[in-house]
Each structure stands twice: as C-alpha cells, then as structure tokens.
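Peer 1: Sequence order for the protein chains is A and B.
Take any residue in the first sequence, count from 1 to its spot, add 1: that is its number in the numbering used here.
Take any residue in the second sequence, count from 1 to its spot, add 183: that is its number in the numbering used here.
To be clear, the hints were calculated from the coordinates, so they are not data collected in a lab.
Among the hints, a few may not be true.
Straight-line alpha carbon distances no greater than 25 Å define the calculated DSS-like cross-link-like pairs of lysine-lysine that follow [claimed, not checked]:
| id | chain 1 | residue 1 | chain 2 | residue 2 |
| --- | --- | --- | --- | --- |
| 1 | A | K94 | A | K213 |
| 2 | A | K687 | B | K270 |
| 3 | A | K213 | A | K79 |
| 4 | A | K228 | A | K79 |
| 5 | B | K270 | B | K282 |
| 6 | B | K282 | A | K687 |
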Amino acid sequence: MLNHAWIIPLIPAVSFFLIIGLGKKMPMKGSEIGLVSIFTSLVLALITAVQWINHTNAAVTGGEAGASDGAAHEAIVKPVIKVFTWWQSGGVKFGWGSHIDGLAVALLVVVTIISSCVHVFSLEYLRGDRRYTHYFAALSLFTAGMLNLVVAENTIQLLLGWEIMGLCSFMLIGHWWEEEANSRAALKAFFTTRTGDIGLLVGISIVYFATKSFSIETINQTVTDGKVSHLVILMGAIALFIAVIGKSGQFPLHTWLPDAMAGPTPVSALIHAATMVVAGVYLVARLYPVFVSGFSIGTNVTIGGLNPMALIGGITIVIAAGLAFVQNDIKKVLAYSTVSQLGYMIMGLGVGAWTPAVFHIFTHAFFKALLFLGAGSIAHSGSHHSFDMKESMGGLRKYMPITFWTFIVGTLALSGIFPFAGFFSKDEILAFAGHHGYHSFMYIGLVGAFMTAAYMTRCVWLTFFGEYRGGHAAHDDHHTVALVAHDADVHADHHDAHAEPHESPWLITGPLILLAVLATVVGFLNAAPFKIEKFTEWVQPRIAFPEISVPDFSWLEAGESLAIAMAGILIAAALWSKDLGRLRGLTKRNKLAHAGYTFLWNKYYLDHLYEGIIVAGITGPIARGAYWINQKLIDGTVNGVGIGAREAGKWVYKNIDQKIVDGAVNGAGMAASETGGLLRGLQTGKVQQYGALLFGSSAIIGLIFVIVIK
Amino acid sequence: MPINAFLLLAAFLFCTGLYGVLARRNAVLVLMSVELILNAVNINLVAFGTRFQGDVTGQVFALFVIAIAAAEVGVGLAIVLLIHRNKSSINVDELDSMKG
Chain A
2 MLNHAWIIPL IPAVSFFLII GLGKKMPMKG SEIGLVSIFT SLVLALITAV QWINHTNAAV
62 TGGEAGASDG AAHEAIVKPV IKVFTWWQSG GVKFGWGSHI DGLAVALLVV VTIISSCVHV
122 FSLEYLRGDR RYTHYFAALS LFTAGMLNLV VAENTIQLLL GWEIMGLCSF MLIGHWWEEE
182 ANSRAALKAF FTTRTGDIGL LVGISIVYFA TKSFSIETIN QTVTDGKVSH LVILMGAIAL
242 FIAVIGKSGQ FPLHTWLPDA MAGPTPVSAL IHAATMVVAG VYLVARLYPV FVSGFSIGTN
302 VTIGGLNPMA LIGGITIVIA AGLAFVQNDI KKVLAYSTVS QLGYMIMGLG VGAWTPAVFH
362 IFTHAFFKAL LFLGAGSIAH SGSHHSFDMK ESMGGLRKYM PITFWTFIVG TLALSGIFPF
422 AGFFSKDEIL AFAGHHGYHS FMYIGLVGAF MTAAYMTRCV WLTFFGEYRG GHAAHDDHHT
482 VALVAHDADV HADHHDAHAE PHESPWLITG PLILLAVLAT VVGFLNAAPF KIEKFTEWVQ
542 PRIAFPEISV PDFSWLEAGE SLAIAMAGIL IAAALWSKDL GRLRGLTKRN KLAHAGYTFL
602 WNKYYLDHLY EGIIVAGITG PIARGAYWIN QKLIDGTVNG VGIGAREAGK WVYKNIDQKI
662 VDGAVNGAGM AASETGGLLR GLQTGKVQQY GALLFGSSAI IGLIFVIVIK
Chain B
184 MPINAFLLLA AFLFCTGLYG VLARRNAVLV LMSVELILNA VNINLVAFGT RFQGDVTGQV
244 FALFVIAIAA AEVGVGLAIV LLIHRNKSSI NVDELDSMKG
C-alpha cells in the first residue's frame with residue numbers, strides 16, 4: 002500500500018460521481034455508496050499505517066546495526082514517493098501521485114476515521130433530509146479533497162485538494178440554503194477562504210521559481226540545503242502563510258469559521274476536526290523547511306522570537322478563547338475553541354515544535370469531532386433541533402447519559418486534563434515554547450489553557466446540569482390548553498415523538514463512544530511522562546528537515562499547566578453552578594464589564610470592520626469620488642465648451658447650415674430614403690437573422706478566398 | 184496522434200454552437216452556444232499548438248479566450264437578466280425593437 006496510497010483519495014472521488022449519478026435510485030439514497038467507499042479508504046489507510054510503521058522500524062533497527070549506539074534516530078527513513086505524469090506543458094511536467102511519510106500517514110488515519118464516524122452519524126442525523134443524496138455526495142468529495150491534499154506529491158496536487166475542499170465546504174455549509182442566513186454563511190466561508198487562497202497560488206509560484214520544482218520532496222530538500230535566497234523564501238513563506246490564515250481560521254480571517262456552523266452538525270465535525278481547517282496547519286507542517294528558513298524559526302529567539310507565525314497563533318489562542326465565553330450557541334462555543342486550538346498548532350509550528358504541533362492535530366481531531374457530534378446528538382434528541390444552551394438545554398445529564406459522558410471525555414481532553422489526549426499534546430507544545438526561549442508564547446499558551454478549561458466548563462454546565470429549559474418553556478403562559486396543543490404539535494412534527502429529551506439511537510451514540518475511547522487513549526502514543534515516543538518515532542521526518550531537539554519532560558511544568566486548567570474548571574464551575582448573586586449579572590450592572598461583554602458579543606467588531614468599513618469604504622468613496630469628478634470636472638468642462646459652441650453654432654447655422662449643407666443633405670436624404678426602402682426588408686430586428694446573414698456572407702467570402710487563393 | 188481528430192471535434196462543436204446561436208429561441212441557450220463556438224476555437228488553437236513542441240503560444244491564447252469567454256458570459260447573463268425584468272421573457276424572437 003505504501004506505493005499505492007494514491008488510490009485512497011480516488012475511492013471517495015469515484016464514490017462522489019456514483020452517488021451523484023445513481024444515488025437517488027439506490028435503496029438507501031446513495032448513502033451506502035458513501036459508507037462503503039469511506040470504509041474501504043479507512044481499511045486501506047490503516048494498512049498503509051501498519052506498513053509505514055514496519056518500514057520505519059526496519060530502517061531504525063537497520064540503522065542501529067550499521068551505526069554505533071545512539072545513532073538509531075539518525076537512520077534514514079525516506080518517504081515513499083510514487084508519481085505519474087498528469088500533464089505536461091511547455092516542457093514542465095506536472096505529476097500526480099503520493100508522497101507517503103509519517104505526517105501523511107498520521108493524517109490519512111485521522112481523516113478516514115473521523116470521516117467514517119461522520120458518515121455513520123449522518124445516516125441518522127439527516128434521515129429524511131430533502132437533499133440526502135447530495136449531502137452524501139458532497140461528504141464523499143470533501144473527504145476525497147482532504148485525502149488528496151494529504152497524499153499530495155507536489156504543490157499543484159495539494160492545491161487541487163485545497164480547492165476541492167473550499168468548494169465542498171461551501172456546498173455543505175449552505176446545505177440548507179433556503180434560509181438566507183445559511184447561504185450567507187456559505188458565501189462568507191467561501192469568500193474568506195478564497196482571500197487566503199490567492200496567497201497559496203502566489204506562494205506556490207514563488208516557491209516554484211525559487212526551487213524550480215513543484216515536488217514537495219525537492220522543495221524541502223532544496224530549501225534545507227540553503228540553496229535559495231532568503232528573501233525569496235521569505236516572500237514565499239508569507240504568501241503561503243496568508244493561505245494558512247484563511248483556511249485554518251487564524252486571526253484576523255477567523256470570522257468565517259463560527260458562521261460555518263450554519264451547516265449540518267456532522268459537517269461541522271468534519272470541517273473542524275479532520276478536513277478544511279486542518280489543511281492549513283498541514284500545509285505548514287508539509288512545507289516546514291520553507292517556513293523555518295523564511296521566518297527564521299528557532300534562530301531569532303534572541304529578539305523575543307517575534308516571527309509572524311508564532312505571533313498570529315498566540316493572538317488567535319487568546320482572542321478566540323475570549324469569544325467562546327459569550328456564546329449561547331453550543332456549536333459556536335466549540336467553533337471558537339477550534340479556532341483557539343488551531344492557534345496552538347500554528348504557534349507550536351511557529352516556535353519550532355513540529356512534532357508536538359502535528360501530534361496536537363492528531364489528538365485534537367478526535368476530541369473535537371467527539372464534541373461536535375455530541376452537540377449534534379443533543380440537538381437531535383434533546384433540544385428539538387436548537388443549539389441554544391440558555392434557551393433549550395440544561396439538565397440533559399439525566400436524559401442522555403451516553404452523550405453526557407462522552408461529552409465530558411471530550412471536554413477534559415480539550416481542557417488538557419491528565420490522562421486524556423489533549424494533555425500530552427498541548428503540554429508538549431508549551432514545554433517546547435518554554436525550552437526554546439519563547440517564554441512569552443508559553444505564557445500565552447497557559448492563559449489559553451485556563452480560558453479553554455473555563456469556557457468548556459460553562460458550556461457543559463449550561464447544557465447538562467441545572468433544570469431542563471427546553472420544550473415547554475415557551476408555552477408557560479398559555480396554560481394547560483396550550484400545553485396539550487403544544488404536545489400535539491410536537492407529536493405531529495417529530496415522527497418519533499420526542500417531547501421529552503431522550504438518548505439518541507446507536508447510529509449516533511456508536512461514533513460517540515468510539516471517538517471517546519480514541520480521545521482517551523491516543524495521547525499515550527506520545528506520552529512524554531512515560532518515555533513513550535512512538536508518535537515521534539513514526540512521524541517525525543529525518544531527511545530534508547530542520548533539527549528538532551525535544552526538551553526533557555518535567556512534571557513540574559506539566560503540573561503547572563494541569564493546575565491552571567483545573568483552576569479554570571473549578572472557577573467556572575463555581576461561577577455558573579452556584580448562585581453567586583454578585584457575579585451573576587455583573588455584565589448588566591457594571592459598566593466596564595458590560596462594555597467588555599458588548600465588545601466580545603460583537604466579535605471585536607471584526608465583521609463590522611470587514612463589511613461596514615472595508616467593503617463600504619471601498620465602494621463608498623469611489624462612488625462619491627466618481628460623482629464629484631462627474632459633477633465638477635466633467636460638467637464644468639462640458640458647460641464651458643457648450644457655451645462656446647453655442648455661439649459658434651449660431652453663426653454656422655445661419656450661414657453654412659441653412660444654405661450649403663441643407664441642400665446637400667436633402668439631396669442625399671432623398672437618395673438614401675429610396676435605397677433604405679429597398680434594404681428595409683432585411684432589418685427585421687431579429688438578432689438571429691442578422692447572425693445567419695453574417696455567418697452566411699462570411700462563409701461565402703471564405704469560400705471565394707479558398708477558391709481564389711488556390 | 185493525428186491532428187485531424189481534434190479538428191473534426193472542433194468542427195463538430197462549432198457547428199453545434201452555430202446551430203444553437205442561429206436556431207434556439209432561449210437567450211440563455213444562445214449564450215451557451217456561443218461558449219461552444221469559443222471552445223471549438225480553443226481546441227483548434229491547442230491542437231495546432233502541439234505542432235510546435237515547446238511553444239505554448241497556442242495554449243496561452245486559449246487561456247485568454249477562456250478568460251474573455253468568462254467575462255462575456257458575465258455581461259451576457261446580466262443583459263439577459265435585465266431583458267427578463269423588462270419583458271418577462273427571454274425569447275430572442277420577441278426582441279425586435281431594432282426593427283427598421
């Protein structure tokens with residue numbers, strides 16, 4: 002399979018066309034094709050992973066036998082590359098194939114597992130949807146796009162996967178486009194990521210002209226060897242990083258990601274955990290030498306380590322975490338937490354922590370998919386398809402035990418509580434930042450950890466504890482008669498008649514349980530406290546790659562971040578669980594707190610900035626400027642010329658026009674009128690007849706030319 | 184590969200497009216047919232371009248045609264939309280206000 006990993010993205014791609022073509026006629030409306038294809042991809046990806054691990058182990062033991070002890074990690078594990086010529090133009094060959102190394106394998110496994118879970122979940126979640134077939138088709142194509150990006154052998158193939166995902170996210174976010182908000186969200190996601198995509202095109206071009214290659218391996222090798230001018234690579238890295246900011250929802254282009262919640266919940270899980278947003282981080286990890294040498298990562302620590310990547314990542318962590326506090330929509334809380342976690346990954350890559358950042362992609366995928374699917378389960382069975390935590394949730398712990406416990410696992414993993422997956426990956430990023438002199442970023446990360454724990458506690462509290470606020474709440478003032486009517490309504494609306502919240506069916510809880518187990522155990526693949534470094538061993542490249550020195554694990558530092566996260570949970574729990582009268586409603590009484598709340602509620606006014614100021618700013622002044630020029634400049638000139646012309650005109654009229662011209666004109670007019678009468682029949686006003694005459698006459702002229710020239 | 188096959192394909196596309204332009208009544212279909220004609224030209228350009236290995240002029244030209252075709256469709260559809268607003272019909276036969 003290592004040599005033929007290019008098949009993996011092809012399977013869902015073919016499935017897309019099969020579903021579009023035949024889906025509606027199938028007994029399960031095409032979803033079975035999607036399921037079979039994604040499971041096949043999953044199996045192939047797992048086989049690839051096993052083979053890669055064997056490949057690595059063989060190389061490492063081989064290296065041990067050859068070299069002296071301690072050199073085991075220097076063993077060369079070459080990526081397995083397979084290329085076909087896709088097309089060639091002007092002497093440049095464009096390849097299509099697979100570039101399989103540890104990074105690609107890790108992502109293949111993640112994407113296929115999450116996508117399989119999402120497929121199964123969607124079977125129940127979207128049952129009876131009016132565009133069920135199209136939904137599964139888009140899901141297949143989405144997965145195909147991400148898998149293609151993951152196995153991409155060259156930057157052009159990577160771009161292809163990247164753009165396919167842009168299209169699919171647009172289709173899926175706007176799945177229920179009948180509501181205007183949804184279609185606006187889809188457009189916003191599309192345009193915002195497109196803004197970044199320009200950077201990708203420019204970046205790929207710059208890197209191509211710098212290294213004379215599209216091949217990822219060659220690019221990395223050339224840049225690592227230092228054969229390229231620093232300035233060029235810096236430009237390339239900046240352009241590529243703009244693409245990453247757009248795709249991975251980094252500040253200041255993160256605004257599309259929370260709006261993308263308009264799509265069906267399983268899609269949110271897919272976008273946030275496995276595809277789309279991970280693509281940006283993956284791009285950085287993939288072309289890491291370009292970024293390292295472009296932004297001088299790891300070499301300019303002395304001046305505070307201010308490289309754009311770490312800085313943007315750090316800002317994103319805190320800004321997004323702040324926004325998560327004021328959301329009432331459970332999916333928006335999770336969306337901002339994704340933005341914040343992506344900030345950790347970008348910051349990790351920015352401070353040189355390649356392996357921890359990639360490991361964080363890996364672990365984050367599992368628990369974030371788990372949380373999103375959990376939110377979907379709540380909306381499906383607990384809160385009448387509403388995502389509002391304050392209005393329609395609360396007390397769901399009793400009704401939905403499986404969802405509750407899996408959600409708790411996801412929350413603990415996200416908050417970085419030992420021994421769940423998030424602990425190991427997040428802690429490693431922070432330890433790395435601290436050990437490599439990026440102290441400021443370590444503190445930002447710790448603040449982020451505190452905020453994460455706190456807002457997730459708030460979210461869990463509002464959803465699962467307290468009194469159930471959904472269902473009948475809206476009808477309290479209509480008394481019993483209304484209640485009966487309401488119940489009848491509910492029975493009519495929902496065929497499975499769930500006036501009471503209840504646990505979801507196994508098609509929904511199954512994926513939840515699987516993901517909860519994974520979110521608990523995958524952390525141990527790279528558990529620094531226990532000297533387990535399997536993930537590092539399998540994934541970290543050892544060829545064409547900057548040096549990564551892993552700091553020793555210290556319980557003290559890990560304890561610090563653990564304590565901070567625990568403090569976050571406890572403080573938040575105290576705040577939202579007990580009736581702390583003074584703190585409750587603080588935002589309504591205290592002016593400063595209220596101002597802060599409003600500021601957060603309006604998302605730092607970034608949307609206003611983009612839509613109100615930038616868009617209006619560009620269109621407004623241009624229109625006004627054009628109007629001014631029209632009124633003052635052009636009209637003035639025209640008027641001046643007009644006055645002069647009028648005087649001249651009077652004279653001309655008297656002497657020339659009346660006497661000389663009129664005579665000639667009248668004569669010519671007579672002649673023209675006679676001829677016109679003849680030709681008038683042709684002017685039917687029908688464009689197509691004109692077209693036919695035009696083509697016919699040019700065909701005749703062409704014929705004459707051919708005959709004459711021959 | 185002989186160039187004839189490409190030229191035949193292009194000729195077929197051109198004729199299809201021409202038929203559409205001259206005979207269809209629906210303005211949108213007329214626009215689509217214009218696209219067919221343009222693409223027939225593109226095929227010719229690229230096909231003849233293969234005669235000169237290493238020279239991409241033909242392909243570049245085709246790219247320009249594609250870009251212009253996109254702009255043309257943009258303007259064309261806007262016109263059709265306005266016509267539909269004014270006349271609530273996009274039948275090209277009814278558009279004879281240019282009649283002499």
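Peer 1: Each hint needs a verdict: does it hold in this structure or not?
Peer 2: Each hint, compared with the structure:
Between A:K94 and A:K213 the CA atoms are separated by roughly 12 Å; this keeps the pair inside 25 Å, and the hint holds. Our distance criterion of 25 Å between C-alpha atoms is met by A:K687 and B:K270, whose separation comes to about 16 Å. Annotation: proposed proximity of A:K213 to A:K79 holds, straight-line Cα distance about 21 Å (limit 25 Å). Straight-line distance between C-alpha atoms of A:K228 and A:K79 comes to about 21 Å, which keeps the hinted pair within the 25 Å bound.
Restraint check for B:K270 and B:K282: the C-alpha separation of about 17 Å stays at or below 25 Å, so the hint holds. In summary, the hint linking B:K282 to A:K687 is supported, as the alpha carbons are separated by about 7 Å, within the 25 Å threshold.
Checked against the numbered hints given earlier, this structure breaks none of them.
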